[in-house]
Every structure is written in structure tokens, then in C-alpha cells.
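**Student:** Starting from the structure of chain A, add chain B where the hints point.
Letter by letter, the chains look like this.
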Amino acid sequence: MKLGRLLTILISLAALSSSISALAQEVYRARLSPMPTTPQTVTEITGEGEVILSLSGNTLSVEGSFSGMSSSATGAHLHNGPPAQPGPVAHTLEIDLSPAGEISASLELTDEQVEALRNNELYVQVHSENNPPGELRGWIFLRSHFDNL
Amino acid sequence: MLLDSFPTIKKVLPGLLILGGLVACDGGSGSTSSTEIPVATAPDAAPAPESSPGAITFATQAESGAALYESNCAVCHGANLQGSTLGPLLSGFSFVQRWGTQTPALLLGNIQANMPPGGSGDLTDSDYIDIVAHILNVNGVDGIVTGLTEDSDFEIADNISAVVAQRQRDEPPPPEGLTVAGNTEDFVPFIPLTAEMLRNPSPNDWPMHRRNFYAHSYSPLDQINKDNVSNLTLEWVWNMHEGDSEPAPLVYNGIVYLINPGNVVQALDGKTGELIWEHWSGPANRQDMRNIAMYEDKIIQATTDARLVALDARTGEQAWETVIADNSKGFSNSSGPIVADGKVIVGLAGCARYIPEDCYISAYNADDGELLWQFETIAEMGEPGGDTWGGLDNIFRAGGETWITGSYDPDLERTYWGTAQQKPWVPVSRHMTIDDVGLYTNSTVAVDVNNGELDWFFQHVPAEALDLDEVFERVLINRGDERLVYSIGKYGILWKNDRVTGEFKGFQETVFQNAFTHIDPETGEVTYREDIQNAQLNEWTSACPSSAGGKDWHSMTYHPPSGLIIAPLSQTCLENAAREVALVQGGGGLAASRKFYEMPGTNGNLGKVGAYHADTLEEVWSHQQRASLHTGTISTGGGLVFVGDLDRRFKAFDVDTGDILWETRLGTSVQGHPVSFAIDGKQYIAVTTALGGTSPRTVPGVIATEITYPRWGNAIYVFSLPD
Numbered sequence: 001m002k003l004g005r006l007l008t009i010l011i012s013l014a015a016l017s018s019s020i021s022a023l024a025q026e027v028y029r030a031r032l033s034p035m036p037t038t039p040q041t042v043t044e045i046t047g048e049g050e051v052i053l054s055l056s057g058n059t060l061s062v063e064g065s066f067s068g069m070s071s072s073a074t075g076a077h078l079h080n081g082p083p084a085q086p087g088p089v090a091h092t093l094e095i096d097l098s099p100a101g102e103i104s105a106s107l108e109l110t111d112e113q114v115e116a117l118r119n120n121e122l123y124v125q126v127h128s129e130n131n132p133p134g135e136l137r138g139w140i141f142l143r144s145h146f147d148n149l
Numbered sequence: 001m002l003l004d005s006f007p008t009i010k011k012v013l014p015g016l017l018i019l020g021g022l023v024a025c026d027g028g029s030g031s032t033s034s035t036e037i038p039v040a041t042a043p044d045a046a047p048a049p050e051s052s053p054g055a056i057t058f059a060t061q062a063e064s065g066a067a068l069y070e071s072n073c074a075v076c077h078g079a080n081l082q083g084s085t086l087g088p089l090l091s092g093f094s095f096v097q098r099w100g101t102q103t104p105a106l107l108l109g110n111i112q113a114n115m116p117p118g119g120s121g122d123l124t125d126s127d128y129i130d131i132v133a134h135i136l137n138v139n140g141v142d143g144i145v146t147g148l149t150e151d152s153d154f155e156i157a158d159n160i161s162a163v164v165a166q167r168q169r170d171e172p173p174p175p176e177g178l179t180v181a182g183n184t185e186d187f188v189p190f191i192p193l194t195a196e197m198l199r200n201p202s203p204n205d206w207p208m209h210r211r212n213f214y215a216h217s218y219s220p221l222d223q224i225n226k227d228n229v230s231n232l233t234l235e236w237v238w239n240m241h242e243g244d245s246e247p248a249p250l251v252y253n254g255i256v257y258l259i260n261p262g263n264v265v266q267a268l269d270g271k272t273g274e275l276i277w278e279h280w281s282g283p284a285n286r287q288d289m290r291n292i293a294m295y296e297d298k299i300i301q302a303t304t305d306a307r308l309v310a311l312d313a314r315t316g317e318q319a320w321e322t323v324i325a326d327n328s329k330g331f332s333n334s335s336g337p338i339v340a341d342g343k344v345i346v347g348l349a350g351c352a353r354y355i356p357e358d359c360y361i362s363a364y365n366a367d368d369g370e371l372l373w374q375f376e377t378i379a380e381m382g383e384p385g386g387d388t389w390g391g392l393d394n395i396f397r398a399g400g401e402t403w404i405t406g407s408y409d410p411d412l413e414r415t416y417w418g419t420a421q422q423k424p425w426v427p428v429s430r431h432m433t434i435d436d437v438g439l440y441t442n443s444t445v446a447v448d449v450n451n452g453e454l455d456w457f458f459q460h461v462p463a464e465a466l467d468l469d470e471v472f473e474r475v476l477i478n479r480g481d482e483r484l485v486y487s488i489g490k491y492g493i494l495w496k497n498d499r500v501t502g503e504f505k506g507f508q509e510t511v512f513q514n515a516f517t518h519i520d521p522e523t524g525e526v527t528y529r530e531d532i533q534n535a536q537l538n539e540w541t542s543a544c545p546s547s548a549g550g551k552d553w554h555s556m557t558y559h560p561p562s563g564l565i566i567a568p569l570s571q572t573c574l575e576n577a578a579r580e581v582a583l584v585q586g587g588g589g590l591a592a593s594r595k596f597y598e599m600p601g602t603n604g605n606l607g608k609v610g611a612y613h614a615d616t617l618e619e620v621w622s623h624q625q626r627a628s629l630h631t632g633t634i635s636t637g638g639g640l641v642f643v644g645d646l647d648r649r650f651k652a653f654d655v656d657t658g659d660i661l662w663e664t665r666l667g668t669s670v671q672g673h674p675v676s677f678a679i680d681g682k683q684y685i686a687v688t689t690a691l692g693g694t695s696p697r698t699v700p701g702v703i704a705t706e707i708t709y710p711r712w713g714n715a716i717y718v719f720s721l722p723d
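From first to last, the protein sequence lines are chains A and B.
Under the numbering used here, the first residue of the first sequence carries the number 1, and numbering increases by one thereafter.
Under the numbering used here, the first residue of the second sequence carries the number 1, and numbering increases by one thereafter.
Pulled out of the complex, with its shape left as it was, chain A reads as follows (with noise of 0.2 Å):
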């Protein structure tokens, strides 16, 4: 065989597995928004972020930022819980320790996560200093699910 075809076929294969890899693969959003709050609290509980989720087999990745909190981060984790029924930790995601950066994370979920995932029942929280119980909060959805809104 020659190398010239050797080559095409390699990187026919190569561009087919690409987009195989790229169908297989499912893009999800979360808005991240303050936690619930009242007149008392609205400028003590503050700020917004967006992070996407590629999910391949059953490898979740994650990467987003925030800004704006009312202080630093002190974590962030994947919750476990249907639309505004929130639920316990499922995983712990990556974080700068600051009112404003990046979240990020590639995590394995079981089956049972990847069906929650895909009912709509995750949702990612960002804990801080001034709010331990957390600031920001969003739920998960397909990403596509935003783009009329």
C-alpha cells in the first residue's frame, strides 16, 4: 500500500472517529444564579456564572466561571436533586477561592447519575466565606433546551 493512501484512509478514519466522538458526545448547561434570598439578604447573597457539561460515555466534563460573589469561594460541588428540590453532594468540583474565576472538573459518573443528569437532576452549588451554605446555585439542562429562551 502506499503511504499517500495509507495516509487518506488514516485520516478518513481518523475525521469519522472525530465525529462519532462528537455525536456521542452531549453538551449540558447550568446558569448559575444566587441562592434563594429577601429583601434582607439580596446584597449580602450575590453574583452569576455558567458552566457547561460535555458528558462522553460517562465521563462528565466540566468548565465554567462566576463573578461577582460577595466573597471568596470556599467550594463547589454537583447536587444531586430534581428542579428546585435540591439534594445531597454528588461530587466535588474544582474552584478558584475567589468572589470571581473559574469551576472546572472531569468526573466519572455511575449510570444512575448519568440518568439524573439527563432528567434534568443535577445541579451544580458554589459555597463561600460569606455564604457557607451557598451563594450560587443552577440546575442542568441540555444545553440546546436554552436556545429559544
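Honestly, the hints are just simulated from the structure, not real lab data.
If you're wondering where the values come from, they're calculated on a predicted model, not measured in any experiment.
C-beta atoms are modelled at their ideal positions from N, C-alpha and C, and glycine is treated no differently.
It is possible that some hints are incorrect.
A partial selection of chain B residues facing chain A, derived with a Cβ cut-off under 7 Å [what the hints assert, rightly or not]:
id	residue
1	E70
2	C76
3	L86
4	L89
5	P116
6	G118
7	N514
8	S542
9	C544
10	K595
11	Y597
12	E598
13	P600
14	N603
15	N605
16	Q624
Covered by chain B, according to a simulated footprint, are these stretches of chain A (three or more residues, beta-carbon under 8 Å) [what the hints assert, rightly or not]:
id	stretch
17	31 to 40
18	83 to 96
19	132 to 141
Residues of chain B clear of chain A, computed beta-carbon distances all greater than 10 Å [stated by the list, open to error]:
id	residue
20	V75
21	G177
22	K271
23	V526
**Tutor:** Below, chain B without anything else, positioned relative to chain A:
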């Protein structure tokens, strides 16, 4: 300890109440204002009783309470207890009238059960007592020295020196009665508005709050249409009195009748915006009234202190006045009447107290204000439905307000109203369970206009548990042979019922809700989530929508040509925790702590305009946006839907597609109920800007904090096409 040498408010209060009664009887110009506190002579110098060093005194409590008030209460009730768009005032005559005959212990219990709305946080019992001391101190309680306790049982007014109370008033007495005289006949010949004209309104008019008896909020006018709406321009603008406001203007024969905050009615020339007459019926507060009514030659208003006042539509002069309910017992009105079958029919609010009297819908003779009938919305022991209140004594059965005006079917001779939920908000607070459904709360009630008897009811959400009432407008629609009634409550569920029998005909969830795990498609029966069913005191429950409502007081429209119902909707969620309420006479209240957040999956869009077909209930189109909607929707024969929002935008949508065809930006948040009318062949679109508006404003205020608007600017804007 009392200082008997001081003249006290208690000694003048009966006189004040009598004066209030006189106002209620004749109410004409020249009568003493019900808000006026008589001038008292300076008290003789009296030595303050001494207290032992280090003892807790009223003064030290008040001093401590001032700081606690500042950090926990002032954001809503104002630094000087003057009130704000977030919370009512806690000072002056209205406070004394409401609380003067009550005890500090009852006030303490009320505050402890209900405030702050977000939860008591770190506030201790002692802190609450200090806050009460501060409130009493600011209100002129200067007759006690020893500290308050949770059992302090003296009458508050007994210890308010009139001299101190007088200092609370730093403004001149407000106007009353007719303040601007004029006659609409100087502008147009007057033709009485008959029952037949109300039944079949001229396309030119918007003669009642939702334009027709069926509450369609639809104008057949089509001069302004999809093709030319982009050319709309401002014709005139008129600044209104400041205060909380959600007004629905009336337009009849070229005259705009406008309800302002503080119970002020104005008549304006619809072509030019010129003021013709203005009448202050009092009380001159900053409180909200959503609508007024017109019949024959009278404008009929409900007042915020639960009176009905009829004015001559030509001149604004008072024709008659009557009392709907006793305001000193907490009863009030925030919506006006509908005139059906020649009867003035009006609801009632402020029914959360544990008192013998209940809420009702009542009807009056339009000619003279004579009471014709009352329908009580709370079933008492021994009555049909009286066994649905968990065996509670009648006095502890509260709620069932009718704070949004009903609609009317002249063929069936029935008036259709929504009722609010039981009070307090959570079953455990009201010493009940989720099985105690509490008739006739949170229902549609069909009442015979002839005698006030209940024809049928359908309870949409029994034993309501999250402050999500089903009180809003009932839209009557005929589809083929079916005569139907549609409504959307705070759960955001569009309900369809047969309006002859009340039979359930279908539902549609218009926004995300997770309070119910099941809604029976055959019967409409709802099943609450288990944790909501079993919520205990001080347990936080998270649910959607929030108490700002999937839908709230902003009315929806029915567009007959397309068969679409277009509703202004809202997308927020809440955490709710029940508080303890003692079963004591005079107590009661709402009794829940609440926090608010964005609705998951909405991308932070609080506002949604949703269009649903009346037959299938399927969503045909929707538009979502960050800013919450603050007007009702109206539709027109020109194929348009109009709605306004918190971010000062007033928009026109294509009724068929939801495309935005025109928008403009006004002075402050666009709030109220748009109308359309025509004069001399020219079509106008009018809308108000306003402040206040209760939870639909409070909740976006803590979620969409980046949306700003001036804290004043109540006005009516009138648009038309260029000549």
C-alpha cells in the same frame, strides 16, 4: 405603668372613629378628614416614674429595637416606619387605628409569626420585644416606663400621648372631596351608560375593568394593526398621584376615568388629556386600587378602607356612600366593583385575622348603595362545607379573600369569582392538615346575582400550602355550544371549567411547577408533593412557582378571532417555612418565612407571555424575557397583544405568532391594565406606569436586581397613529 396626667390617644380615639363614621355617612366636602388627629394641649409636666438602675425599661428596649428595626425591617417598612413599595407604613393614624385597641402582646405575636418575611434569622424573643418597643415608641407611646414582656396586655392607645402623636404628622391635611370641579358635558354630551350598553359595549369604549362582562380584555378596534403598529406615537401623557398602583382605566364616550392611589378618581378628556374633575374619597394614603366601575350616570369606587362611593360621572360630585366592611378590623379593598344586573358587586380583602367576621362578596343597589346580599366565602360550622375546616372554631377560619373583581354572565345570571386561600398560609400554622380543604377557599364560585346564593363551586387547590392562591379573573368563553370559564392561579395552571355546572374540562401548566406530583386529567384533582403535605413548623420547603405567582393580578386576554388566551406569566420559585400562630382572638396572619430564586431552566427569564388555544389548551406561542411583566395583556381586532414590563418597556405582539412588532420605553415600570378606545374615528392605546404591585414587584426586586427604574412616575400614556 400609666401616666394618667397625659391626654392619650385612647381618649380621643372613639371620637376619631366616630369622625370616621361621619365621613362614612356623609363623606362630603367640609367633613373632618378621617386621617386627622385632633390637636391636644401640652400636657402638664409630670415626673417620670423612676426605675431601678440596670433594669430593662421601655426606653432601653426601644433604643435596642431601633437598631434591630433598622437592620431587619427598614428595608421594607422604611427607616421612619413610613412604608415603601415593599411594605406598609407602621406609623401614624393608620397604625393607631389598626393597633390602638390591641395589646403589645398581640402585636408581638403578629410580628413574630410573620416578620421578617425571609425568616426570623438570629432574632431572639427579646429582640422581637425590643422591635415592638421601637414601633410603639415611634408611634408616640410615651406613657410607660417598665419594659415590655411577651404578656404586656395594656391597650396601646392608652399610652399614646396625643401631643406625641401629633408630632407624627408633618404634612398638611390632605385634600378631600371634589378638588377640581368641571363637567364632562363641556366636552361631550352625556349619555347614561345602560345595562344593555355594558352588555354590548361600543367598540369605541372600554366601559368596565376587563371591557366586557366576560372579562375578555379585548377591543374589536382594528385601525391600529399589524401593518402600522410600528408607527405608534405618543398622543398625550398625564402624571398620576404617587403611591402603589395597578390601575385599569375606564373609557366611555371619549372620557377617561382614572383611579389613582389614595382613592382619588379623575376624569380626563380622552383626546387631549385635559383634567375635567378630580375627587378624593379618602383615606388619602398611597394605597392601591385596581379598578372602578361605571353605570348609568355614576362612577363607583371601592376605597382602600372598604367603603363604596358613587360619584356623578359628569361632575365628580358624590352621589352616595356605604360601608362594605369594618376597616378597623382589618378589612380592606384593593379592587373595585363590577356592576351586573344593576347591582354593584364587590369583593373584600384583609381577612386573615382571627375575628368573628369573615370575608364576603356583597351586592348593593346602584342607585343608592343599599345592601342587597352577601355571600360569605368561608363555610362555618353547621353550614354546607363547614366540616372542611378541621373542627376549628369559626373565629379561627380565615382567608377566602376576593381581591380580584369577578365577571358576569347575564344569560345565566351568575357572577364568577376566584377566592383566595386559607390563612395562615401553611396547614400546620393554621392548626390543620392537608386534608382540611377549607371551603370555599381557592375556588371558582358561581353566585346567583339575584340573591347571592352559591350555584356551584370548584376548588382548584384544596388546603393550599404555599401562598399560591387561585383568586384571579374568571374569563368566560363560549366555544360552540359550550359555555366555559377559564382561570389561572399562582400555580400557573390554566383551568377550564363548564360555567353552567362547574364541571372540570381540562388544564394546562403554563410555567414549570413542582408543587403537585399529579393532576388528575379527568377530575382536575391535585396531589401535593409529600414534603409539602407534611411541612412542619420552621421546615423549609422549596417549590415553584413562587408566591409572585406563575400568574398574578395581571389579567389575561381572550382574542375571539383566533381563539387564543394570551396570559402574562411569571417564572420564579420560593423556599417557604411555616411559622407558629397561636389560636387567639385578634391573632392570625400569614405566618411563613419566604426566600426567592430563579426558576430552573428558564435562563433567568422572569417574564413570559404565553398563548393557549381555548379548545385544546395547547401552547401556540410564547415569548420569554428577563424583565417580569407588570400589566395585564389586552388584544385587539388589529391582531395585536399589548403588555408592559418592569424594565419600562411597552410592547405590541403579533397575536398569531408572538413576534414583537413595536415597543417603546416609558418613564418607569409599565404597570396596570392597558386599554384601547376610539374618539371621532381615531383609535388610541393607553397604558399606565406605576409603582407597588405587591409580590410581583417584590420578588423580581430580589432576583433581577440589575433592572432599575425610577421610584416615582405614576402616569397614563396614550398612543395613536400619526394623523
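**Student:** Confirm or reject each hint.
**Tutor:** How the hints compare with the structure:
1. Below 7 Å, beta-carbon pairs count as interface contacts, and E70 (chain B) has none with chain A, the closest being about 11 Å; its hint is therefore violated.
2. Among the interface hints, the one on C76 (chain B) holds; its C-beta lies about 6 Å from the nearest C-beta in chain A, closer than the 7 Å criterion.
3. The beta carbon of L86 (chain B) is positioned within 7 Å of a beta carbon in chain A (closest approach about 6 Å), and the interface hint is therefore held.
4. Contact between L89 (chain B) and chain A, as hinted, is not supported at the beta carbon level, the nearest pair being about 16 Å apart and thus beyond 7 Å.
5. Annotation: interface hint on P116 (chain B) holds; nearest CB of chain A at approximately 6 Å, less than 7 Å.
6. Checking G118 (chain B) against chain A by beta carbon gives a least distance of about 3 Å; that is within 7 Å, so the hint holds.
7. Nearest Cβ of chain A to the Cβ of N514 (chain B): about 6 Å, under the 7 Å cut. The hint holds.
8. Hint on S542 (chain B) holds. Least Cβ distance to chain A is approximately 5 Å, under the 7 Å limit.
9. Hint status for C544 (chain B) relative to chain A: holds, with the closest Cβ pair at about 5 Å, below 7 Å.
10. The criterion of a C-beta within 7 Å of any C-beta in chain A is met by K595 (chain B), whose closest approach is roughly 3 Å, and the hint holds.
11. Look at Y597 (chain B): its Cβ gets to within about 5 Å of chain A, closer than 7 Å, so that hint holds up.
12. The interface hint given for E598 (chain B) is met, as the beta carbon of that residue sits about 5 Å from the closest beta carbon of chain A, less than 7 Å.
13. The beta carbon of P600 (chain B) is positioned within 7 Å of a beta carbon in chain A (closest approach about 4 Å), and the interface hint is therefore held.
14. A cut of 7 Å between beta carbons decides the hint on N603 (chain B): the least distance to chain A is about 4 Å, and the hint holds.
15. Among the interface hints, the one on N605 (chain B) holds; its C-beta lies about 6 Å from the nearest C-beta in chain A, closer than the 7 Å criterion.
16. With 7 Å as the threshold, the beta carbon of Q624 (chain B) comes within range of chain A, its nearest partner Cβ sitting at about 5 Å, so the hint holds.
17. With a cut-off of 8 Å between beta carbons, the stretch 31 to 40 of chain A has 9 residues touching chain B; three or more are needed, and the interface restraint holds.
18. Coverage of a stretch by a chain is defined here by at least three residues with a beta carbon nearer than 8 Å to that chain's beta carbons; for the stretch 83 to 96 of chain A and chain B the count is 4, and the condition holds.
19. For the stretch 132 to 141 of chain A, the assignment as covered by chain B holds, since 4 residues bring a beta-carbon within under 8 Å of that chain's beta-carbons and 3 suffice.
20. Distance check on V75 (chain B): its Cβ comes as close as 5 Å (rounded) to a Cβ of chain A, failing to clear the 10 Å threshold; non-interface status is violated.
21. G177 (chain B), annotated as away from the interface, keeps every beta carbon of chain A farther than 10 Å; the closest lies near 37 Å.
22. In this structure K271 (chain B) is separated from chain A by more than 10 Å, as the shortest Cβ-Cβ distance comes to about 42 Å.
23. Against the 10 Å criterion, V526 (chain B) stays outside the reach of chain A, whose nearest CB is about 17 Å from its own CB.
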